[in-house]
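Engineer: Protein chains in written order, with this note's numbering: chain D, 1 to 306; chain W, 1 to 306; chain A, 1 to 306; chain Y, 1 to 306.
Calculated from the structure, these hints are not laboratory results.
Since we're looking at a predicted model, the values are computed, not measured.
Please note that the accuracy of each hint is not assured.
Said to hold, decoys possible - Pairs of lysine-lysine, DSS-like flavour, derived with a Cα cap of 30 angstroms:
hint, chain 1, residue 1, chain 2, residue 2
1, Y, 272, W, 272
2, Y, 282, W, 282
3, A, 295, D, 168
4, D, 272, D, 295
5, D, 272, A, 272
6, D, 272, A, 295
7, W, 295, Y, 282
8, A, 168, D, 282
9, A, 295, D, 282
10, A, 282, D, 272
11, A, 295, A, 282
12, W, 168, A, 272
13, D, 168, Y, 168
14, W, 295, Y, 272
15, A, 272, D, 295
16, W, 282, Y, 295
Stated by the list, open to error - Here are some, though not all, of the chain W residues that point toward chain D, as calculated from beta-carbon distances under 8 angstroms:
hint, residue
17, 20
18, 46
19, 49
20, 51
21, 60
22, 64
23, 95
24, 97
25, 120
26, 301
Where is the CB? At the ideal position from N, CA and C, for every residue including glycine.
There are 4 protein chains.
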Amino acid sequence: MPLSPEQLAEIEDLRANPRPTLRAVSEGMESHLYRAHDVLDHGFIRVIDYMGDDAAICQAARVSYGKGTKSVQNDAGLIRYLMRHWHSTPFEMCEIKLHVKLPVFVARQWIRHRTANVNEYSARYSILDREFYIPEVDQLAAQSVVNNQGRGAALTGAESARVLEILKGDAGRAYDHYEEMIGEVDHNGDEKQGLARELARMNLPANIYTQWYWKVDLHNLFHFLRLRADAHAQYEIRVYADAIARVVADWVPAAYGAFEDYRMGGVNFSGKAMDCVRRMLKGEEVTQETSGMSKGEWREFEGDIG
Amino acid sequence: MPLSPEQLAEIEDLRANPRPTLRAVSEGMESHLYRAHDVLDHGFIRVIDYMGDDAAICQAARVSYGKGTKSVQNDAGLIRYLMRHWHSTPFEMCEIKLHVKLPVFVARQWIRHRTANVNEYSARYSILDREFYIPEVDQLAAQSVVNNQGRGAALTGAESARVLEILKGDAGRAYDHYEEMIGEVDHNGDEKQGLARELARMNLPANIYTQWYWKVDLHNLFHFLRLRADAHAQYEIRVYADAIARVVADWVPAAYGAFEDYRMGGVNFSGKAMDCVRRMLKGEEVTQETSGMSKGEWREFEGDIG
Amino acid sequence: MPLSPEQLAEIEDLRANPRPTLRAVSEGMESHLYRAHDVLDHGFIRVIDYMGDDAAICQAARVSYGKGTKSVQNDAGLIRYLMRHWHSTPFEMCEIKLHVKLPVFVARQWIRHRTANVNEYSARYSILDREFYIPEVDQLAAQSVVNNQGRGAALTGAESARVLEILKGDAGRAYDHYEEMIGEVDHNGDEKQGLARELARMNLPANIYTQWYWKVDLHNLFHFLRLRADAHAQYEIRVYADAIARVVADWVPAAYGAFEDYRMGGVNFSGKAMDCVRRMLKGEEVTQETSGMSKGEWREFEGDIG
Amino acid sequence: MPLSPEQLAEIEDLRANPRPTLRAVSEGMESHLYRAHDVLDHGFIRVIDYMGDDAAICQAARVSYGKGTKSVQNDAGLIRYLMRHWHSTPFEMCEIKLHVKLPVFVARQWIRHRTANVNEYSARYSILDREFYIPEVDQLAAQSVVNNQGRGAALTGAESARVLEILKGDAGRAYDHYEEMIGEVDHNGDEKQGLARELARMNLPANIYTQWYWKVDLHNLFHFLRLRADAHAQYEIRVYADAIARVVADWVPAAYGAFEDYRMGGVNFSGKAMDCVRRMLKGEEVTQETSGMSKGEWREFEGDIG
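The task is simple: from the sequences and hints, build the whole structure.
Structural biologist: In structure tokens form, the structure reads like this:
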């Protein structure tokens, strides 16, 4: 359980005091505010603040396109139009601030999305907690033999047990040594001014948990979700993306619906692939050899057209 | 007067319906929401939305620095510390969305601040209004003879009158021709499908008004204000920066106070200048010749030390 | 002709002095360096500097993916793989610096691409030249009746003549008045310290030419080209994108080839559209009514599948 | 020694083939190209490519400020002027691409500089090498008692020995287990398809080395150097910043000289601090109590004025 009773009490306290505002309010998002959604064994995401709603997207679009947008009869239709034609700036008018607790190796992937604001817990200033990500047994899979970056078959029971033994043992020992070095407790039990925290932290493995505040606009959040909620993303970041996606669906339902249809459920065909589609629709039988595509592309193309 | 009675009624309508929220609320900012602050002859700024307050800055800092920030006794002190040591990320946790109406030549300077989100009124889609910036007489100054980009002495009455005659005459004629080309009214008074708007707009001068939604985080807004509320900025953008600064002072009073002291009222000394300050404090008489500075630098230095 | 004999001589001078370097060299790009490619009536683009080539993209990818990229047999294949799977960072490893001369209304669209570096000629410091974009007669089209932002039928001869008369007349008069106000020549022919340049420029219309240095990485340049070399882009910016595209094709031929196939010639299908494609490939006759798409989407879909 | 004989041979090979180019060439930088500068025990930085030189900065400034920059007599003077007045865009016209090998905990600080392009070695695709940062004994310092994020007194000999024993032991064991899990060698010495690399990596501590290509413009590089070559930066990133600074000094000597004087050697005084400086220069004795500053600010101020 990632949150302590004190933390849960603090959250309920924050939720007990609604205040009047003149700003745009998303009822769906208000129900999420501050509450933690558990992810992995010790992680969570929770919404700290947000700006805008579906109507704010349309309002910004109407500033840009003026009378040009009046012909679209409703907000959902306008939002679909904007998404279809890659009009990204209206989606940038919404913003979300999340508090995320996550393993360091997930944080390292996440931070590659540069168009966001981050305040991370600093292990130079402060001492990290003894919390490590230990995968569920059904997540312990072998290296894929067809995909250089994916997972293949599940490990056997004996193999899994050995992996868990290693991960738990090394994490525990590393943390014991971290504590010993920083001298909260030395190995004789005496107190002392130990090794600087900024040095001691280097002993901690990549499955230790960190946390941060992460603030991003909706356009860039959709880009993050498209890459990280994708089937090719690593499971451990995908579960965070999935949790965020569920929150976004409640926040801006029309925008999320358009995103799901055009981006998550959509397909990008190359000029060569479109040529094949057109030939096939005319009844021609197209094979990899006559497609002009490489074997890898053709395999992906076949997957797309079902 | 930049706003019509309809627009004022719409604003009062928006302000008449407070809704409950669990988010951070800034009372100072709520009083500004939607209301237009007049700038120049037809321009304005108005706050459409905001995220965060002084407490949100501290909350983000405390996530980063953990116990390290507990020693600072209060929020204002912590915010001053963050500003002094260039900790920018906590200020990025606040966001503001403004609706701005401004002359095109001001918009061209403004847009150079890249870390912001913008939706501008599109003259490809829509027809611009007949509104031009015509300076007040006391703003009509000659080119500075000491500063390549500044203003010098005021023009004489006859010169001013001639400038205003030109600006008004050319703007009016350009707009008449714009209307004629797009064919809302042709020059015989008949209706027709005229020149495409995306072409006709090229006839309009740089003092025509445009408008946009502009969304930016507080750190980048402070950067904008430091450059644009500065005495060296062009008057026509400075008045926008000043109007925004007054709103920010009500939104995040502690952060704005620190910004005023460290950035607006602050001075940057080079290593050479610091060397001179130290020598002067020891009683040495330092001149430009013995300072190691160029004449230009020395003149600026003398201005700084008063 | 956008360049003076002095400028042409300067370019040939710059091209006369090759120097040895150990950096990656693109022969195709060396042939373009400094030379101006004319665009519109007074504009141009020219390459001032570049970094990297096709091999540099692959080299960066191989740092990231290590042995994982060795299975791809050649650079062109690897580059196609990277483009197909939206691996953007290797393309960011190439950079180009252009000198561009362009009308202000084109510059205003262009600058919306924020991930680039820009140094623009400043009309606060310096005096703009008397050069205005005047369209060719065959570019003078009416506002489209089906597309709020497009052009429709060509104007009649009389209408075109009237538009050209307006554009030329207003531009000339505006520039005469600009000169008069800044006092290079006053209206009696006497010299004087005239109106500050930062004020006088507001009288100039949006078809006056400006110029800038623009530096951008290849990934962001491709994004620019996808939007601005597109058939829906305004003609006056499209011709710049087209000129740049021809240079890029000589600089990084493999990357440009992949970009052309996957981005320029590619199509994005939504989940709904893919569902229709799959049904149609199975022989089902799908209509707008049974497609789940709106009329607008269906029309676009029919265009895509030819 | 971070480089193998094969790698050194490859570098000399790359350096053996100068090719002609028409681009700006920096002799100082050509001498660095490809060569590794050792940092820490297994790390390095090396220049892979660069764009521009001191003259390119001035050229870009002269595009912007036109005749306004002609009054400055030479490039070095112009560059000092640009640096003093925070004209950042001309410095953005230079670009550098580095290959860096660095411990993961250093990489985590480094990546917070968002305005840069990065391709990092992927531990999802590939297997990390057995290389860990183990500090020199004289770098093993206790947590500072006055600064929450700094280092204080050196550890005693016995304490240092214990820390090194822990760091080496845990790193070695973690890597043995990493290898065992990915199954290059299982614990019986048999070959097998082991745990996916993307999972196994989570066992590795933060002092393992990673590597990346990092590309950044000169303005943002200066910002990085100001923060990371500063005395308050952690030693392990400061040595990278110092190594890069030495390369930059050879690449753009005038820009680097201005940066050193105005940024590295410079001081930022608040309005309150400037008020004190002015009073002190007039002969007044100012104390913390009469300064209007907090104790912490006053202590820093006293340090600045020496």
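Engineer: So, residue 46/W near chain D? Judge it on the closest CB pair being under 8 angstroms.
Structural biologist: Because about 12 angstroms separates residue 46/W from the closest Cβ in chain D, which is outside the 8 angstroms limit, the hint is violated.
Engineer: Return the status of the interface hint for residue 95/W: holds when the least beta-carbon distance to chain D is below 8 angstroms, violated otherwise.
Structural biologist: Residue 95/W check passes; min Cβ-Cβ to chain D is 5 angstroms, inside 8 angstroms.
Engineer: Does the structure keep residue 272/D and residue 295/A at a Cα separation of 30 angstroms or less?
Structural biologist: 27 angstroms, holds
Engineer: Let's test the interface hint: is any C-beta of chain D closer than 8 angstroms to that of residue 49/W?
Structural biologist: 5 angstroms, holds
Engineer: Can you confirm whether the C-alpha distance between residue 168/W and residue 272/A stays at or below 30 angstroms?
Structural biologist: Cα-Cα ~54 angstroms, so violated.
Engineer: Measure nothing beyond the straight line between the CA atoms of residue 295/A and residue 168/D; if it is 30 angstroms or shorter, mark the hint as holding.
Structural biologist: 58 angstroms, violated
Engineer: Holds or violated: are the alpha carbons of residue 282/Y and residue 282/W at most 30 angstroms from each other?
Structural biologist: Status holds; Cα separation ~12 angstroms.
Engineer: Does residue 295/W pair with residue 272/Y here, judged by a C-alpha cut-off of 30 angstroms?
Structural biologist: 27 angstroms, holds
Engineer: Interface hint check: residue 20/W, Cβ to nearest Cβ on chain D, cutoff 8 angstroms. Holds or violated?
Structural biologist: Given a least distance of 4 angstroms, the restraint on residue 20/W holds.
Engineer: Given the hinted pair residue 272/Y and residue 272/W, is their Cα-Cα distance within 30 angstroms?
Structural biologist: 21 angstroms, holds
Engineer: Is the hinted pair residue 282/A and residue 272/D satisfied, with a Cα-Cα distance of at most 30 angstroms?
Structural biologist: Between residue 282/A and residue 272/D the Cα gap is close to 21 angstroms, so the pair holds against 30 angstroms.
Engineer: Tell me if the interface restraint on residue 120/W is satisfied: Cβ within less than 8 angstroms of some Cβ in chain D.
Structural biologist: With a closest approach of 6 angstroms, the residue 120/W hint holds.
Checked against the numbered hints given earlier, this structure breaks hints 3, 8, 12, 18, 26; the rest are met.
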